[in-house]
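Counted from 1, the sequence shown has number 24 at position 24 by my numbering; the numbering is strictly sequential.
Read the hints as simulated data drawn from the structure, not as lab findings.
Every clue listed holds true.
What follows is a list of derived Cβ distance ranges for each label pair: (1) Ala51 to Gly16: 25 to 35 angstroms; (2) Gln28 to Glu79: 29 to 39 angstroms; (3) Thr45 to Ser22: 17 to 27 angstroms; (4) Asp41 to Leu106: 19 to 29 angstroms; (5) Gln28 to Glu100: 12 to 22 angstroms; (6) Gln28 to Ala3: 29 to 39 angstroms; (7) Gln116 to Ala3: 16 to 26 angstroms; (8) Leu122 to Gly63: 34 to 44 angstroms; (9) Gly123 to Trp40: 31 to 41 angstroms; (10) Arg78 to Ser22: 28 to 38 angstroms; (11) Gln28 to Ser99: 17 to 27 angstroms; (12) Ser22 to Ala50: 32 to 42 angstroms; (13) Glu24 to Glu120: 31 to 41 angstroms.
For clarity, every value in this text was computed on a predicted model and none was experimentally measured.
Cβ atoms here follow ideal geometry from the backbone N, Cα and C, with glycine treated the same way.
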Amino acid sequence: MSAYFSFQAYVYLAQGQPLGRSLEQIAQAMSSLSGLFFEWDGSLTWANQAAGWQVDATIFDNGQEVQYIDLHGRANSREGCLVLNERLSELFAAWGDPSELRLLRLPERRWQNLHQFAKESLGSN
Numbered sequence: 001m002s003a004y005f006s007f008q009a010y011v012y013l014a015q016g017q018p019l020g021r022s023l024e025q026i027a028q029a030m031s032s033l034s035g036l037f038f039e040w041d042g043s044l045t046w047a048n049q050a051a052g053w054q055v056d057a058t059i060f061d062n063g064q065e066v067q068y069i070d071l072h073g074r075a076n077s078r079e080g081c082l083v084l085n086e087r088l089s090e091l092f093a094a095w096g097d098p099s100e101l102r103l104l105r106l107p108e109r110r111w112q113n114l115h116q117f118a119k120e121s122l123g124s125n
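Sequences are here, hints too, so could you generate the full structure?
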């Protein structure tokens, strides 16, 4: 899939704090997300190539709580970005309070909330 928009980011609570939820709690919350593939090593994939989007992540925990999530994804069109942003909203809701979660965008190490991220992704050319 050629990328109209692609990204990599780390997801934290606030700016650099652990998420405050266990891997088990997050896995339970994600279990209702149709089409999402989750492995107990912390990896997940959620994609629809025909619709033009893909999200991959690795959830890192210390055995008690999730420390951060390495998140990356791509979309092949503006329409794919719309769906990608919907899926990210669903993931953020599964991971905690979306209004409190932040993305540390790589490689520039720039903090964003989900709203800022979505706005930027839809402005891609």
